[in-house]
Structure formats: structure tokens, C-alpha cells
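Starting from the known structure of chain D, arrange chains X and C on it as the hints suggest.
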Amino acid sequence: MPLDTSTYNLALLRVDGRRWNELRRVHAQIRTQAAADGSSYLEMGHTKVMCVVTGPSEPGPRRGTGGGGAGGGGAAAGAGAKAEVVVSIVIAGFSSVDRKRHGRGDKRTLELQSTVANALAASLHTHLFPHSQVNISLHVLSQDGSLLAALINAATLACVDAGIPMTDYVAACTAGSTSTYAANDEGADPLLDLNHQEEQELPGLTVATLGESDRVVVLVCESRVQVSRLEGMLAVGVDGCKQVREILDRVVREKGRRMVQEGTVEKGIGLNEMDVD
Amino acid sequence: MPREAEPSLNEKQFVIQALQENLRLDGRELDQYRPLELSFGDQYGLADVKLGKTRVLAKATAEVTVPYTDRPLDGIFTIATELGPMTSPAFEVNRPTETEVLLSRLLEKTVRRSGALDTESLCLVAGQKCWSVRVDVHVLSHDGNLIDASCLAVVAALRHFRKPDTSMEAGVLTVYTPAEREPVPLSWLHSPFCVTWSFFGEEGEIAVLDATWIEEQVRVGSCTVSLNKHGEICQIAKLGGTPVEAVALLQCVSVSLTKVKEFSDLLDRKLAEDLKRRDKGGFMAELRAENDR
Amino acid sequence: MPITILAPRPSRPIRADPEDNVSSASDTDSEAGGVELDGDLPMTTRPSKRARLTTSTASDIVTPGELITDDPQWMRGHGTYVTPATTAIISSVAGTITRTNKLLSVRPLRARYTPEVGDLVVGRIVEVQAKRWRVDVGSTQLASLPLSAINLPGGILRKRTETDELQIRTFFAEGDLLVAEVQQLFADGGAVLHTRSLKYGKLRNGVFVAVSGTGGGGGVVRSRRQVWTMDAANGGGQIDVVLGVNGYVWISKHVETAEADGNSKAAGITNMEENVSTTMYSSQNDRIEVETMREIARLRGVVTALVENGLRVDEDMVMRGYHEAVEMAMVSAGGPDDIYLGGEMGQQLAAALKGT
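One line per chain: the protein sequences are D, X and C, in this order.
Numbering of the first sequence is given in my numbering, commencing with residue 1358 and proceeding in unit increments.
Numbering of the second sequence is given in my numbering, commencing with residue 185 and proceeding in unit increments.
Numbering of the third sequence is given in my numbering, commencing with residue 44 and proceeding in unit increments.
Don't read these hints as lab results, they were simulated from the structure.
Any given hint could turn out to be false.
[Said to hold, decoys possible] Taking CB as the label site, the calculated pair distances span:
1. 1453(D) - 278(C): 57 to 63 Å
2. 331(C) - 1453(D): 49 to 55 Å
3. 267(C) - 1445(D): 41 to 47 Å
4. 1451(D) - 446(X): 46 to 52 Å
5. 1453(D) - 373(C): 51 to 57 Å
6. 373(C) - 1439(D): 54 to 60 Å
7. 299(X) - 1499(D): 28 to 34 Å
All values reported here derive from a predicted model rather than from experimental measurement.
Just so you know, even glycine gets a beta-carbon here, dropped at the ideal spot from N, CA and C.
Excised from the complex, chain D in its bound form:
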């Protein structure tokens, strides 16, 4: 279904009525599952993702690898200095318009898993947990563009909830460009946070940054685009990541504040107190 991009130039409004630099509604919750070590639920527009983190914990005795004992043990000792981040993604059959079965061996899913795992591993202080594993399991309930960004954000929130030390939030969002590749329009504006329709039609990329810095953890571009447009898209994307970080941070703070009020967590010392004596 071709998207009528010509209207953008008239009203400077996108198909869903947003301006170029507006995120969709981001709604997030943490601690959605009481039994898990960490859990989160995140909506970016109509993209809905659920995340459960188990660990860091030591995987129990592995079945079936008993034969290769000596060799495997030696190798595991070398790899055991850091916690391993293992991600599994389940894309629900009902998540997109066309009901498609996504097998576990789907290469795109495998790529997403590896991307989320490597992105989180860059921020998590895995060296604190030798011999252990952090299992992140993500469930995609609904897809409307910016899937990778939503997955990364949900995983970050769940890891914060699980109390796993990390350098900073890894926040992600997408950025695009208003006119299609073919239009070769030099004056194309950058766009923030693409939905499914825009993602299909327009060039775009997914950016994830570490905290409030400009340091890019993930940069994925899967569409053809002039190299000159990259800078603008990247700048908007990085800016969007900072906004997303702010939103995620607010969710965590709100939860923490409520826990302090309820008395579940003992109050800490005020920040201002420290510098006094």
C-alpha cells in the first residue's frame, strides 16, 4: 500500500498526525511479573513488547553434555569470567496484520536476538557475575514499526528492574527521512520514531545510545538511502534516544518513589546530605 507522502509537505504532518520530531506515545511499566527477577512491559505506539529477565543465575547441570566433560569444562572456565547474556525473542503470530508463523530458527529473529544481547552486554556490568547467565526473554505482542527499538528498551527496563548493575540505560528509537529513496530529494526532512507504514515506505534506521551520551551502541539501517541523509537521520535518532531515556528513567523513578512511600524499600540518604559533613 503506497503511502501518500505528498501531504507531508502541505501540512508538515505525518500520516498519524505527528510532527517530524515527535515520538509516539510511550507507555512503560516495570515489575509486571512478581515471580521474575525483573520484568517490564513497553508500548511504543502500537508496538507492544513484554520482557522477563531471569538471573544473573548459574545455569544448573547441563544435560547431554556429559560426554565432552574435560574439554568443555576448560573452555567454560575461560568464558565463565563474565555473565553471559542470552536473549530469546518470541514473536506472537497475532502480532502483525498478516498472521505469519515465525519459527525459532528464523534468521531475522536470530539477528534481533543477537543484537539485543550484544547491546545489553555492552552496558551491563557482566564481569561482576562470573559463571552466570542473564536470560532475557522478550515477547512481541503487537508490531507497528520500531520493533528493534522497543525490544531494546523493554530489555533495558527489565534489567534495571532486576537490579543488574549497568553503566547506563540503553535507549533506542528509529529515525527516517520524509521522502522515498527514489525521490532523490535533497531537501528531505528527518523523521523521528517511524510506525509500520512509514517503515515500509521510507528509508529509516534504528539507533540505540548509551545514556545521555552521543555514543551509539546499535545502528541498524536496512533500507537504501543517500549517504548525505545519514547525518540528519542519525542526529534526530540520537536526540530521540535521549527522550526515550528520559521516559524510561521516569518510569523507574516513579516505581522507586512508590516503593519508598510504601516502606518496601528503606529510604536512602538524600543526595544533598552527603556534601555537608
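Quick look at chains X and C alone, frame taken from chain D:
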């Protein structure tokens, strides 16, 4: 599964310290590729790329099949990668490792999704007959930077490939053998190439091109940029790893463009050489009386 | 950011979505960068300890990546990190700041249990090895229980023999529950347990509940007494409660064997052990009356209700909660046998406990 032996801590530190002094173990500059050798086979569509000790062979083939029902006007184009035990005992048949999955996804995105091959031109009879073009990538030896080498091999193989000529007359499809009619090249739109950057250092501040196997073992992150010589990005993949400054990434992309132009020139030159080798003086030269019998 | 964005002509600053601003307080907080909060805290200028007790705002919470202080006089503790070449201490978890002299650490809102020497823990055997067991204690790593760290049957304290090694599974097998104490810690955080006391050993005759441990958040807290025996209502007899510091809880029928020996306590520990050792590693439950079972289940309900409603789990709360639950059951439709404490009943219970 036999595992690849990991480099020792001392080995790793040596490589990293050398890089911090702008020194690579094989004496290259940070943004210099290893000697790149590209050769074509006797058959059409066989390309062999050697990048230092890394060697990749790509073979393109075509056959007539039935198109997918949901895309009756398009031909079929597939890229198959195989990292077998021949490459390294760590790779097993029928159990794709993460390396293999990422490699095949990258090739897919770079060559197939960027529309390098015009799949509509592969259609013979709408909804009934079409060409199915398949490229098999065989990694013969792995010494780092598989992605760039494989991508170059795939593009070279496809551009070198000739498919049998066909004609449609009164609803009858004829496929000519090479003896009847000279095979025709594929309808090729643009040539994308991958350039992979490896990052080193605490903050990922050292960017290096064409990492060898040992460098790949110690790098903290990587970013693959696919471009064509017209300055169009086909794909960028920095899949996690240590964060890198956005400005440094932009810098990488612009350097990549010059590298891609070099690749493109190399491929054009090699293709022209190969054509000259095959076509000694043209058709008329073959018909001369002074030729040997 | 060195890259500047040229905005298309009409642009407006992004509106913060009203649905995301749960309260205006948290909004101003995040816009101020989260650290400087002097604006809305009138008390903070006064350097008194009382000030911080009254200002319970979001400022008590730090989140990952937040700068705690860049004053070099502080030392970093758990939950923080220092970037190379700076003295800034940055939080790595979401939680509250605690200070021990010059050591700053952040206690996470919730985390896995981190073992400390002397902790009383309840654990489950997950693996049996040649000379030790691997025990899940809800920590980031499995704890290990060496064969030499248990009371071997046979009465006297003796060295372990090869026979003991061969029949290691007769003491503890996979899946068995036990109560133990953390004896020492490895450098990487792994714990070594021991059960060399009559208080410790295999758990029987009861029910296991896993709640969150002392890593942070609600759950079991370290306190003076983690194990006690109580008199149950409604003719339930006596019940033992073991609150493992790691958040694993064991509630069981009190067995009299140890008590029967009570008079011989003075006679020496070897004598006692002789009597106990026969039943020590038994995997058979004793007969438990229905009344006792019901009260055990009620206690379990109390513990889960406490956790669900974010209350701490310690002896005082469990006992008060239990009495409250008995009272509630008296007046409920189901009568004293009604032990359901989920949903609204649990909230009612929590509210009653908070109120008193």
C-alpha cells in the same frame, strides 16, 4: 563440538597495545585492506576472492522454475552461505552458528533487499515460469573479515554470470543452449559492497578496517556499512558492542565510500580483463583462415 | 552534540505526553537532570539529619547512569562505578543511596540475594558432585556445600570417609531442601555453606515458599531471629518457621525429637547428635494432623500476602499477620477454617498490619 582455540590474554593484550600505538601486526595502516585478489573461473558466474588468508568462493547458477504465488511477476533470487567444517572445525554442517546467520543476513540485506538484481527481469511467463538465480557462498578459509570478502565474491559472481538466452514466440518459451545463442548477463542495477569496521579500545575509539581473525577476537565492536559507488547506503549494521561516538561513525561511513569506489573500480577492471580474455578479438577473429584447425 | 539538526520550518518543542507524567513532581525532577533538586526542597539547605527524613521525594532514588557525586573524598561501594580518569561516582542500579562512613553504595530496589558470611539460608540441592553438593540459594551463583561441612551420622564428630563419599546421595539428593549457614565466601561471590549444627539440616514436614530476599525490595530482612517455633491457633499444635535470609521460607510442623532431649542438653552435644542422626537425613514426612496442615497453609498465605503487598517479612510481621489472619477467618463466611488470603483478603490483611 570442537571449539576454536581462544587467543590467550597475553596475545590479546599485545594486539590491543599495538593498535593503541597505531600499529597492526601485519604492518598495515589502520584503514588499509590486505592485498585483495579477485579471479574468475572458466565458467560464467564463478568468483574467487582472496583477502590475505581469507578465501571465499561464490558460484552463481540459474534454473527455470515456477515463481512464488504471492509474487507472480518476480523471479527468485537466493543467496546461500555455507560455513562448513572445511573452514574451521568449529563450524558444523546443518547447525548455523551466529557468525553464519549474521553473514547471511548481511548479504541478504546488502545484495538482495537493496535491489541490486532486477528480479522482475527474471520473470519469463507471469505466474508460471521464471528464472531462479542462486548464489552459493563457500568460505574456504577464514582469517577475518568474511563479510567484506563474501559480499565482493557474491557481487562479482553475479556480475560475471551469464544466463541462457530465452525467447517467447507465440506463447512458446525457448531456452537456448550456449551453442545456439550467446548467454546474456543479468539485469544488474547497482553494485553494493560491504566495508566492515572493527572498534578497539575502552571507548571504541580506534577504528580499523579489514580485521584479521585475531583482531576480530579482541575487538569490542564492529560496524558493517554497505554502499555503492553512487554514495547510496544499502545497509548499516552495528549490532551492539561497545558504544561508539556518533560522529566517529559518520566519519567511518564517509571513509567507507572511498573504499567502495576502489572495490567498484577493481571489479570493473577485472570484469573487463576477463571479457577480453574470453573474447580474443571477437567473433570475426575466430573465423579467420590463418587460425589453427 | 556536534551535529546540529536543522528543523523544518514550523517546529515546536516536543510536548511531554501527559500520560507519562504520573505526577508533576516527577516531571520537574527529570527536567532538572535528576540531581539538583534544591528548587523544590526547602529543607535541604539546612544541614541537619532530620531534614532528610522529612523530604521523601523521588530524590531518594537514583537510577543507572546518574551522577551521585564527583567529590573525590567518597569511596565507591556496591551499585556504583567510577569512569576511568574521573572521580565521579555514578550509580549503576536503580535504588537508594546508603552511606557507611566514606563509602557510598546504592541499594537496588530489587536484586538477587547476595550472600554474606553468617547468613541463615534455605536452599535446594540442584547437583550432587563427588565431594560436595551444589545448592540453589537464589543467588547469582550456586552455593556449594562440601561433604565435610555436614554432620555425618554416627554420632560423634568424625572425619568423612570414602564410604560417605560413595553414599553422598543418602544425605542429600537432588531436589532436597535444607537450611544452612553461609560459612565463607569466594572472591567471585560464591558461597560455601555448612550444616554443622543441630539447627541446620534437611527440611521435612512442611511447605516451601520463595519470596524475594535481602537483595532489595520487600521480602525477608536480616533480623535477630530467623527461626522460631510458635503455637498455632485452632489446635494446630506447634509450628516451626524458618525465614532464610535469601528469601526462601520454610514452614513446618514442629517435631519434638530435639526437645525430648532437652534435659540432656547439658550432657553434651555428642549425645544429642546420636539421637538426632537417625532421623536427620530421613526423606519420610511424619504424620501431620489436618489442623496443623491448615495452620501451616495459613502461615504460608500470610507470607505471600505480605510480599504481594510490599511489606517486609520478619518474625514480628509474620506473627502479627498470623494473628490478624486468624481473627479475619473467625469473622469471615468460611469460619475459622477459611485460610484463603489472596486478592482482597491479602490487601485487607496488609492494610490492617500497616494501620497498627
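Legend entry - Hints the structure fails to honour: none
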